[in-house]
Structures are given as C-alpha cells and as structure tokens.
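Participant: Listed below, chain by chain, are the residues.
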Amino acid sequence: MKKFLAITLAMVLVLAMSIVGCTGEPVAPTKVVLGATLPVTGIFAGFGEQGWGMQKAVDDWNDTYGGMYLSEWDVTVPVELIIKDNQSDPNQVGPQSTDLVVTNKVDALLSPNAPCDLHDPTTAVATDNEVPSIIGGGPFEPWYFGSQGEVTPPYTWFAGFAISFPSGAPRNVPGYTMVDTWFMFMDAVGALSNTNGIAGVFASSDSDGTGWYQSFPALMEDYGLTVVGVNETLGFFPLTTTDYSSIVTAWKDANVEVLWGNCPGAHFGDLIAECYAQDFEPKICLAARAALFPLDVESWGTTPPLGYGVGCEVWWSPAYQVSDGFVGIGNRTAASLAADWAASAGNPPLNRGIGSGYMETQVMLNAIHEAGSLDGAAINAALADTDLDTISGWVNFDPVTHFSAVPLAFGQWFYDSENEDEPFTQYIVASALSEIPEEDSPIFPLPDWWP
Amino acid sequence: MEDFLVGLAPPLIKGILLGGLYVVIALGLSLVFGVMKLINVAHGDLVILGSYFAWAVMGWLGIDPFLSLVAGVPLFFVLGFFVQKFIINRTFRISLDAALIACFGISIIVQNLCQAIWTPFNRSLLTDYRLLTFAVGPLTIQLRYLLDFIGGLAVMLAVRGFLRRTYLGRAISAASQNEPVAERMGINPNRVYSFAFAIAMACAAVAGVLQGLTFSFSPTSGSPFLIISFGVIILGGLGSMAGTFIGGMVFGLTQTLGAYFSGGSLLVQSIAPYLLVFVILSVRPQGIFGR
Amino acid sequence: MSETAVLSIDRVSKHFGGIVAVKDMTFEVQAGEVLGLMGPNGAGKTTLLNIIAGTYSPSSGRVHFCGRDITGLPAHKLCHLGIARTYQIPQPFTSLSARQNILVATEYGGKKAAGMEHDKIFDLVNLSEQKDMPARDLATVSLKRLELARALASNPTLILLDEIAAGSTDAELPRILGIIEEIHKMGKTVVLVEHVMKVMVEAVDRIIVIDKGEKIAEGTPGEVMKDEKVIAAYFG
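Protein chains in written order, with numbering that gives the first Met the number 0: chain A, 0 to 450; chain B, 0 to 290; chain C, 0 to 235.
Derived by calculation from the structure, the hints in this document are not laboratory data. Please note that the accuracy of each hint is not assured.
[As the list claims (entries may be wrong)] Chain B side only, calculated, beta carbon under 7 angstroms to chain A, not exhaustive:
| id | residue |
| --- | --- |
| 1 | SER94 |
| 2 | ALA97 |
| 3 | ASN121 |
| 4 | ARG122 |
| 5 | LEU167 |
| 6 | GLY168 |
| 7 | GLN176 |
| 8 | SER215 |
| 9 | SER217 |
| 10 | THR219 |
| 11 | ALA258 |
| 12 | GLY262 |
| 13 | GLY263 |
We put the beta carbon where it would ideally sit given N, CA and C, even for glycine.
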C-alpha cells in the first residue's frame, strides 16, 4: 500500500511538473549553439581544418556585435560552436549529428566542404529534426542527386560549387563549376594541341572517387581527349591500395600525356612516386581532392618535388574582395582571414578550406540574426531569403534546389627549393571571374622531375 | 612469347620484392600468435609507430631512417617487453579475450598518440635515395622495393636463426609448440611472452622504416597492413618463419600478377590474394608450409 | 617428516568439481629411493603425479620437497628446484631436433649444477644415432626415450616417470629396467607410475597402491602383491 502511494505520488508530481513546464512562460535563450561534425583526424584531416574558419566566424560575430541579437526576445546572447571529430569515418557523421541535436541542443548544423559521405548524413538528421543546416562547399551534385533522391531536403542549404550543374542567372557563366574551371585550364595550356590528347584516369573507390570516375572520363572524351582503359576500370582502386605499378605501366604503354583523377592525398603520393620510379611523366597532371592541401603536397616529397605543377580546383582565395573590401563579418576581409590563419599556432600553410568554413558560418549567423529567433522554421525561412556578400562570394539560394553557387578557380602547386618551410605554394592559374584574380601563368608541361 | 615474358618480368620482380615488405610486417604478428595464441590487432599500428619514430628522428637530427634503427630497434624491444610484462601478461590472468581487448586498446592508444604528436596528415620517409632506380639488363629495379626484399630476407633469417640457435630462441620455440611441457622444462611462460612481444616490436621498428620508405603513412594507415599480415600468415602457415617468408612472396606475387593479367586492374590486385587465401584455407588449412 | 625424505605428501586431496581424484593422501619418498605408484585406471595416479609436478595445486594438504613447502608453485619453479617428469604420451617440441629438445631442458631447467653430458644421456637412452633428427620424425619408442632424456637433462633430484614401459615389447623391457637402474645408481630419487608388472616388481624398492584416490596398500613388491585389498581392487 505504501509502495502504491509512493508511485502514485511520484506520477502526480511528474505530471504536474510537465504541465507547469508546458504552460509556464517560455524562457529566453541564453546562448546560440552551432554544431558541426568534422574530419579533424584521419585521412581527411585536411578538410577538418575548416573548423578554424567556422570558429573564426563565430568569434568575429561575438566580437563585432557582442553576441547574437534575437528580436523575438530582445536579448543579445553569445554564440557558441561545438565541433565533433568524426575521425574521417562516414559512419560516425550521422550519430554525431544526432548527438549534436539531441544532447547538445544545437540551433543549427554546419556541414563541411568535404567528400559527400562526410556531410550527407547530417542533411538527413537536419530534415528529421527540423534543424536548419548548411553545407559550405562542393561539389553539389553528389549531395543533390545522390543520397537525397532528388527531393530537396527542406532544412539544408548548399553554398558551394557544382561539377557542371547550371547555377542560374546571373551566375550561369564560367567560374562556378568544376567542369568549366578545369577545362578552362585545359584550354589555357592547349591540352588538345600541345599534347597527344591521350589521358589516363585514376580514382579511389570511395563515394567521391566513384562519382568522379562515373562522370569525368565521359566529359573528357567529349572535350576531345582519348581516355585509356575506362571500360576495364583502369585506374579505379580500393582505398587499401598501396602499389600502383600495374596502372602506371599501362599508362606508360598507352603513351599517356594527360593524367587526371580524384583520390585522397596519401594515395596520390604513392601513385605519383610510382610514376616517377617508372620514369613516366605526363605533361599535365590534375588531382582533384589529393592536391587540395599543402601538407598533403609536401608529404609527397621534395627529392624530387613530385607535387610541382599538379593542379586542382581552388575553393577560395585570400584575394577575394568586392568593391568596399569588407566581405566578412565586421571588418573581416579575405586577406585578413588568411593572415590570421598564417599567424595561428604552428604557422600553417594556407588551407583554402578555412574560407569555406567561414563562409557557411557567416551565412548561418546572418540567417539567425534575420530570423531574430532560434525557431528552426524561422531560421530556415531566413536562410531561404539569404542575400549576402560573404568572404567567399555572393550567396542567395535557389528556392527549388537550395543551391547557391560561389566562385571557383583553378590552381597549380609551385615549388621553390629556396623556401624550406613552405616549399610548395598553390597559385591560381585559371579564373573566369574578376573577384578571384589569377596569380600566375599555368605550368605546362610539368616541370622536369629529373633536373 | 618473348614479348609475353618481357611483359611478365616486371610484375614478377615487383611481386617478389614487395613481398619482402609484407614478410617483415607479418613476422611480428606471426611470432606473437605462435607463442601466445594472441592476435595482436595493434601490430599494424606499431609498424606505423615505427615509421613515425624514424620520421621524427629524421626530422630532428637529420639521421637516415636505417641508421635510426640503431636506437629504434632496442627502444621498441624494451617497450615491447614492458608492454607485455605489465599489460598483456596481466590480462592473460583473466582470459585470452581480455588480452585481445587490451590489444585493441593499444591500437587505439598508438593511433591517437601518433595523431597527437605528429598530426593526422600524411608523411613519407623522404630520403634522397627513396625513389632511385637502377637497370639490370632490360629491367628497372626500384631501390625501395629491393630494400624491402633485403629487409624481409634479413629479418626473417635473423629471427629464424635466433629461434634456432639461441638459448632464448629455443625457449620461445618450445613454448610456442607445447607450453605446459615447456613450463615443465623450467621455462617461465610469462618471461617468454615478454621476449616474444619485444622481438615482435623490434621487427615492427624495422618494418616501419621499410614501409615508410616505400609508401606514405598516417596514424590510421596501419590497419590495411594488419589485414595483409593475416593473409600472409594464412598463406605461409603459422609459426613457420620460412613459411611466413614464402607467404609474403606469394601474397605480393598474387597482387602484381593479378593486376598484370587483368590488364592493370587494381581491384583485381587487391582482391586476388584473398581469393587465394580462401582457396588455401579450403585445400590446405594449415597453410602452404604449415604442418 | 623424516630428515632424509626428498618428497613428503601430507594429507593431500584434489577435487575436480564434485569428483574426488585424490583423497587425504600421505606418504614420503626417501632420498635415492625408487617408489612405484600402482592402481587401476582412474585411481588417481596421474593426478598425484601432476600435483607433485606443479601442474595442479592440491585442493587441500601440503607438498614438501627437500624440506621446502612447494604446494602450488608453478611448474617452471619446481623444475628449477629439481623435479622432472615424463609424460605417458610423449610431448616433444616437434620442430626442434632431439638434441635441441634436450638443450632447452638443460638451459632452462638445469641451472643448479653441472648435469650429465648430453652424449652420455643419449647413450643411456640409446638415442645417439637419432639426436640430430627433428623430433617430429622420431618413432614413438624413440620419443619415449627422448622424454626420459629431456627429464634427465634438467638434472633433477626427483624424477617422475609416467608409464615409460607402456607400449614396449617384452624384448625392450630389460633395456628400460637398465635405464631405471642407471638413474637409481646416479643417486636420483624416482617415482614411477607403471602398469607393466614386470617393471614394477623388478625396479622399485617400495610400492604404494591407490584405488579411488585413496592409498589402500604400501610395502615391498612382494608384500603388496599378497595384500587382499590389492587383489580385490585389481580382480574385483
């Protein structure tokens, strides 16, 4: 009997508390929390450095405005950013995103510019929980046509570049897709006239590489190149591969002069070392993903400098600016962001991902400010209305696809034997847009590895 | 026919030389399993730790990776001895499963330690001679792969000679074959375990240098080598050093020849050895050289 | 416990779950003595041997060796103290040669004092011609001899022999008796578990008969063979 009474009493108490909780005056928020799951460690750690850019945007916002003003409550509260390390493991991205929403109660999710399986699960979590989210990078198509089944996820917005998806006016001009920037480079060096036009392709068997292998060889054929061995999936390799001698031999035998592919930096390092060892040097070497980050390029070595002349797309430039000069939050410019990065701990070489990270955070903070509320639907509506000059270009989303294209350029790695700390620097050698100036003329053919 | 043979020579040579690297990596795993029936899942990570050690010494002091082994091998030996003595031997009192879990723990700790100290980014042992090649008749031999083979052969012979000819080695052999009887003969099994793990770690130090000269590495790149080592040991037969050596050659050859006969397919290259492992397991479960 | 006892078993019992393998066993073995342990199958002889050799620790009771309490010490320590045993089913280190098998025993077990030279051991057990063969290639009879050789190589004070004559032909028995005699002459103490009566009767000084884990008789071979309890245990 006593037990029954105790249980009844407890149930009544819980019920009473929950009723009070529901009907009581809502309490004003004390902070705004953004969350991101990033590959801070593991093979995609280069992408994880975007977290620095995200944090910088949050810091800039807090420093400039003293926090986030929420008109719904007439309060200004600090903005916080929670970053979880998914260790480059796609299987951790979904659970971590859920954890951010459920445990950390984040008000919005930020997804990195990274291989798509490192941001796609976050999109699903955003949809299920009606939490606004943004992806700041590219390419757009694997996300849009891939896991989402061509139904635009209602709570996720994509600010970045596409493989070839038209951006819509006024951006339906070269400079916003991978295809036009890469082929702009091919045009610039006269790839069809100055080489024999025979191309070898390589890609890792993860989602990013597979998507590349399925689409790019055909585009290259359309452009006029002869691609070797696509029907036999020559050059398509599992991530456990370390020895590439067979494909290098095959390319050499086929007299390949253009080498083009997409894989993690570590794998490309072993691949290009094998090219060197077999005395096979193409005239053009383009490595999507592999050549994005300076530490990867450095790891390929300087004796000889195997990264010299390797090209890939460039997401962001410290030179990016519009007329008034200020494109970041407060007085932030692209140049000052790059300078702060260079002065940060360990004086790291430029990682262009910091621009992407800053840009998407900037867009999200702007939307929360416009919404004046932490209500997911309200922020989502504000994201839809975004019209903002950011550190990485103008962002306003297409209402159907949720896509906003930002400028993209093409760069090659230059080698300076005198500079021992940072022997490799990536310079933009092809750009269609005046906001991102070209910094040097293209390297063609690849510099002699054997001086 | 002559063209065929000329075409076949490079993958044949490459497979054999590459096999040497697999041998060095697999030896430590084979030894530990042979003596204490423990699958040391941290072995791949310990090899990568060896690569990082050489990389760090090269960066700080400018010492050649092979020269750094003068310090690296004893250091890893001692480290292995104490890891076994103070961690794994204690878990054996609970069960073999507990020891396996301890190895998982070591794997995670080593990976994270490498991340914390050396960042998650890729490294290679960038020596001047790393990518040298030389011609032998019509064939081109890559120095790093030749070093792998020489290293594999040397370490195999050293371990084999040690097991056969030394006081301690015979105790390790005896304990790996019949532990109760070995103990009856006065051999303290825990001591033997500690030395076996120490030797496995010393092998990992050498394997780390060879792997770092041949391929790039990052804190998480040890796991594929653990899987390859399993394959090598299954092919060669457990507990036999010569078998592990042949297993490594067979593994390397299956990779390169698989790629060659499939027109350069790296998918075939990565799958072919494991298909062979399946065949061997069904036809000769004790391995090519197992008894 | 008498001064000259090499081995003293004091009220030793061993249970495996609910099964009593050895029950309240007490006896001593004097220095230089050859003691026989006899009993029907499952009587507890091998369990007793395993307790003395440190493979099992007793459930209760104490075991003393040369005046020292060795109850529960691990096998490798007992080996160092001077207890060796052979196995009924030979357990060689198969990949090592006969000589290397013996080397292991000498190196790890024989740390006390200089023991017999290996060649002498091989001569004694008649294995000289096969000493460089891998153990896996030896015939069963040779492996039995290798067991014995390996036990001797660790230079024991007390040697436990588990059915060394089992499976031998009548023609081989004199040889085995000769070996035991040699060991005896070296001054070593021997505990022998044996089914072959001829060996038992001719080689040992004293016999202890065990049935269902308990000692049922003790005495010289002649005395024991006449004991009614022994006849009952063996012949029903």
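Participant: Each hint: holds or not?
Facilitator: Each hint, compared with the structure:
Violation of the interface hint for SER94/B is found here, the shortest Cβ-Cβ separation to chain A being roughly 29 angstroms, above the 7 angstroms cut-off. Checking ALA97/B against chain A: minimum C-beta separation of about 25 angstroms lies over 7 angstroms; hint violated. For ASN121/B, the shortest C-beta to C-beta distance to chain A is roughly 4 angstroms, which falls under 7 angstroms, so the interface hint holds. Annotation: interface hint on ARG122/B holds; nearest CB of chain A at approximately 6 angstroms, less than 7 angstroms.
Evaluation of the LEU167/B hint against chain A yields a violated restraint, the C-beta minimum of about 34 angstroms exceeding 7 angstroms. Given hint, GLY168/B at the interface with chain A, is violated; its Cβ is 32 angstroms from that chain's nearest Cβ, farther than 7 angstroms. Given hint, GLN176/B at the interface with chain A, is violated; its Cβ is 34 angstroms from that chain's nearest Cβ, farther than 7 angstroms. Using the Cβ-Cβ criterion of 7 angstroms, the hint placing SER215/B at the interface with chain A is satisfied: the shortest such distance is roughly 4 angstroms.
A cut of 7 angstroms between beta carbons decides the hint on SER217/B: the least distance to chain A is about 6 angstroms, and the hint holds. Among the interface hints, the one on THR219/B holds; its C-beta lies about 6 angstroms from the nearest C-beta in chain A, closer than the 7 angstroms criterion. Because the closest C-beta pair between ALA258/B and chain A is about 3 angstroms apart, less than 7 angstroms, the hint holds. Hint status for GLY262/B relative to chain A: holds, with the closest Cβ pair at about 5 angstroms, below 7 angstroms.
The criterion of a C-beta within 7 angstroms of any C-beta in chain A is met by GLY263/B, whose closest approach is roughly 4 angstroms, and the hint holds.
Consistency note: the structure conflicts with the earlier hints numbered 1, 2, 5, 6, 7.
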